[in-house]
Amino acid sequence: MMVRVEDKLFLNRFNVDEEPHLRLLDGKVCFEQCEDQPCLYICPANVYKLEKDRISVNYEGCLECGSCRVGCPHFNIDWRFPQGGYGVRHKFG
Amino acid sequence: MEETFDAAIVGAGPAGISAACVLADRGAKVVVLERGEYPGAKNMFGGVLYGNHLRQIIPDYVERNCPIERNIVESRLSYFTEEGGVSFTYRDVAFFEGLRNNAFTVGRAKFDRWFADQARARGALIVCATVVTDLLRDAGGRVIGVKTDRADGRLRAKVVLLADGVNSPLAAKTGFRPEVSPENVALAVKELIALPEEVINERFGVSPGNGVTNEILGNVTWNMNGVAFLYTNKSSLSIGIGANLADFTREKVRPYEMLESLKLHPLIAPLIKDGKPQEYTAHWLPEGGYDTMPQLFGDGFLIAGDSAMMFNALHREGSNLAMTSGRLAAETILEAIEMNDFSSTGLQRYAKKLQDSFVLKDLKKYRRFPSFLETHKELFTTLPRATSAAAREILTVDELPKKARQRKAWKAIRGLVSPLRLLRVFWDAWRSVR
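Protein chains in written order, with our numbering: chain D, 1 to 93; chain H, 1 to 434.
Just so you know, these hints were derived from the structure itself, not from any lab.
It is possible that some hints are incorrect.
For lysine-lysine, the following BS3-like pairs were computed, each having C-alpha atoms within a straight-line distance of at most 25 angstroms [unchecked claim]:
no., chain 1, residue 1, chain 2, residue 2
1, H, 110, H, 276
2, H, 234, H, 110
3, D, 49, D, 28
4, H, 353, H, 365
5, H, 147, H, 173
6, H, 352, H, 364
7, H, 252, D, 28
8, H, 29, H, 353
9, H, 234, D, 91
10, D, 91, H, 276
11, H, 263, H, 252
12, D, 52, D, 28
13, D, 91, H, 110
14, H, 252, D, 49
15, H, 234, H, 273
16, H, 29, H, 147
17, H, 273, D, 91
18, H, 263, D, 91
19, H, 263, H, 377
20, H, 365, H, 352
21, H, 263, H, 273
22, H, 364, H, 377
23, H, 263, H, 276
24, H, 252, D, 52
Far from chain D, some chain H residues (derived; all Cβ distances over 12 angstroms) [as the list claims (entries may be wrong)]:
no., residue
25, 58
26, 74
27, 204
28, 269
29, 387
30, 413
31, 421
32, 430
33, 434
Just so it is clear, CB atoms sit at the ideal spot from N, CA and C, and this is done for glycine as well.
Modelling step: build the complete structure from the supplied sequences, incorporating the hints.
Below, the structure is given as structure tokens:
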């Protein structure tokens, strides 16, 4: 099934911080050591995308669940909350 | 000079605000630090709160215009295959009056803000848009305050209550709760779907103000240990689905694809038809339960609610455990203030209070339930199919005599699960919750 998560994220309100709150510690690890690359699947906001030579981190749509942080088999994601007041803003919750 | 609070609370959710209300009520100087722009901005859950536990903190919550969406009068438990499903439903007139607001739905953005306003009215200081990044400790390791992401963001307090929820980089960083492992949390995604109030009343057969909860198990979670739900709000439905995070990683499932497939299910699609999606959220549930709980108190700190992994998966209860643990933490802090002892000795009564309450009694009773789900995958694979196959067989009316029909139904079950394994599942299920 083809679902565009962007359509879902478009419904949400975000107060995007200029400073990314998610970062890959070492981009090489994802290609040289990580066979499964679960971040590409488990992230409910599809923050992690496979590009030609790297995995991009589109932190702007992050729903702040934490799954990538503990789901990464190599603990290769530097994860913190967005600065106070930034990030996703639930309208209903 | 730096100001010292009696208590600093991390997180303006049900646990933190409950504690703040109780503390402020008794004159304690309390500050709540919330990372969202407003309380509830970051919070999400299925949608059910329990009147009994809220009443113990705000006795007149209804009169104070608590933003209740719908009073729950009917609970459905469904077991779905891809094509259909079996459901049990319980509705009772008691839930309209005597047991009114036993359970009700809320949206967290509205509820948490309202709840925080109650704490504010009692004298608590609620500081939003502030992330607690670390805890302050003295030379002896005792917690003496918090460090925030604001300039000059240090705050001294006699006690710190950690109520920052299940996803807590702070807990992991400070070591007060080890980082969760994927096996111990479920990842859930939820969509809010707007529908006119009258349409919801009609589709669920309820009068204005009343509503339905529906928990759905079976093949909807794509062979993973999980659960889906559909709850009625005033003029929207909350539809969500979640599964164990380790299962997500193993099965390489995209959560939003599973949610979309649930929305197309033949028993769900007519209920949400023509609804307009309004919001899409994601959150963890601390499924691990009792065995994954951290030390609940120490020198200068206490842990409550989701932060402490207090969650009853079988009864989908969490917000009530959070409110009660927050209240008991506050009572413990008040006693500590009286004794002027904020060491772990002064705070140890928290554990006793939790043990004497339903919180730890329930968590203990169901401690084996999470591993039961994890080790009996047929609950999410062959068993729903067997149930549906048998039901379809029994309900098919043609020339076949009933005896042959029943034999055929039994054969359909056996073809999917061996009778011995079936017995084993029932036996293990009973043992895990007794």
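Status of the hints after comparison with the structure:
A hinted pair counts as satisfied when its Cα atoms are at most 25 angstroms apart, and residue 110/H with residue 276/H qualifies at roughly 20 angstroms. Distance restraint check for residue 234/H and residue 110/H: the Cα-Cα separation of roughly 13 angstroms lies within the 25 angstroms cut-off, and the hinted pair is therefore satisfied. At most 25 angstroms may separate the alpha-carbon atoms for a hinted pair to count; residue 49/D and residue 28/D meet this at roughly 15 angstroms. This hinted pair checks out: residue 353/H and residue 365/H have alpha carbons roughly 17 angstroms apart, not beyond 25 angstroms.
At most 25 angstroms may separate the alpha-carbon atoms for a hinted pair to count; residue 147/H and residue 173/H meet this at roughly 13 angstroms. A threshold of 25 angstroms between alpha carbons decides the hint, and for residue 352/H with residue 364/H the separation of about 14 angstroms falls inside it, so the pair holds. Proximity of residue 252/H to residue 28/D is assessed by CA-CA distance (about 21 angstroms); at most 25 angstroms being required, the pair is judged to hold. Using a Cα cut-off of 25 angstroms, the hinted pair residue 29/H and residue 353/H holds, with the two alpha carbons roughly 23 angstroms apart.
Distance hint between residue 234/H and residue 91/D is fulfilled; the C-alpha atoms sit about 15 angstroms from each other, no more than 25 angstroms. In summary, the hint linking residue 91/D to residue 276/H is supported, as the alpha carbons are separated by about 15 angstroms, within the 25 angstroms threshold. The suggested pairing of residue 263/H with residue 252/H holds, with an alpha-carbon distance near 20 angstroms, which does not exceed 25 angstroms. The suggested pairing of residue 52/D with residue 28/D holds, with an alpha-carbon distance near 13 angstroms, which does not exceed 25 angstroms.
With a CA separation close to 8 angstroms, the supplied pair residue 91/D and residue 110/H stays within the 25 angstroms bound. Pair hint residue 252/H plus residue 49/D holds up; C-alpha atoms about 14 angstroms apart against a cutoff of 25 angstroms. With a CA separation close to 16 angstroms, the supplied pair residue 234/H and residue 273/H stays within the 25 angstroms bound. Note on residue 29/H and residue 147/H: the hinted pairing holds, with a Cα-Cα distance of about 18 angstroms set against a maximum of 25 angstroms.
Distance check on the hinted pair: residue 273/H and residue 91/D sit about 22 angstroms apart at the alpha-carbon level, within 25 angstroms; holds. For the proposed pair residue 263/H and residue 91/D, the alpha carbon gap of about 21 angstroms is at most 25 angstroms, so the pair holds. A C-alpha spacing of about 23 angstroms is found between residue 263/H and residue 377/H, which places the hinted pair at or below 25 angstroms, so the restraint holds. As the CA atoms of residue 365/H and residue 352/H are separated by approximately 17 angstroms, the hinted pair is consistent with the 25 angstroms bound.
At most 25 angstroms may separate the alpha-carbon atoms for a hinted pair to count; residue 263/H and residue 273/H meet this at roughly 9 angstroms. Proposed proximity of residue 364/H and residue 377/H is supported: the alpha carbons are some 23 angstroms apart, at most 25 angstroms. Distance hint between residue 263/H and residue 276/H is fulfilled; the C-alpha atoms sit about 12 angstroms from each other, no more than 25 angstroms. With a C-alpha separation of about 21 angstroms, the suggested pairing of residue 252/H with residue 52/D holds against the 25 angstroms cut-off.
No Cβ of chain D approaches the Cβ of residue 58/H within 12 angstroms, the least distance being about 19 angstroms, so the stated non-interface status holds. Every beta carbon of chain D lies more than 12 angstroms from that of residue 74/H, the smallest distance being close to 22 angstroms; the non-interface claim holds. Here residue 204/H stays apart from chain D, with its beta-carbon at least about 19 angstroms from theirs, past the 12 angstroms limit. For residue 269/H, the condition that its CB be more than 12 angstroms from all CB atoms of chain D holds, with the nearest at approximately 14 angstroms.
No Cβ of chain D approaches the Cβ of residue 387/H within 12 angstroms, the least distance being about 25 angstroms, so the stated non-interface status holds. The claim that residue 413/H lies off the interface holds: its Cβ sits roughly 30 angstroms from the closest Cβ of chain D, which is beyond the 12 angstroms cut-off. Every beta carbon of chain D lies more than 12 angstroms from that of residue 421/H, the smallest distance being close to 30 angstroms; the non-interface claim holds. Annotated as non-interface, residue 430/H keeps its C-beta farther than 12 angstroms from every C-beta of chain D; the closest such distance is 32 angstroms.
Every Cβ of chain D is farther than 12 angstroms from the Cβ of residue 434/H; the closest lies at roughly 32 angstroms, confirming the non-interface assignment.
In this structure, none of the earlier numbered hints is contradicted; all agree with it.
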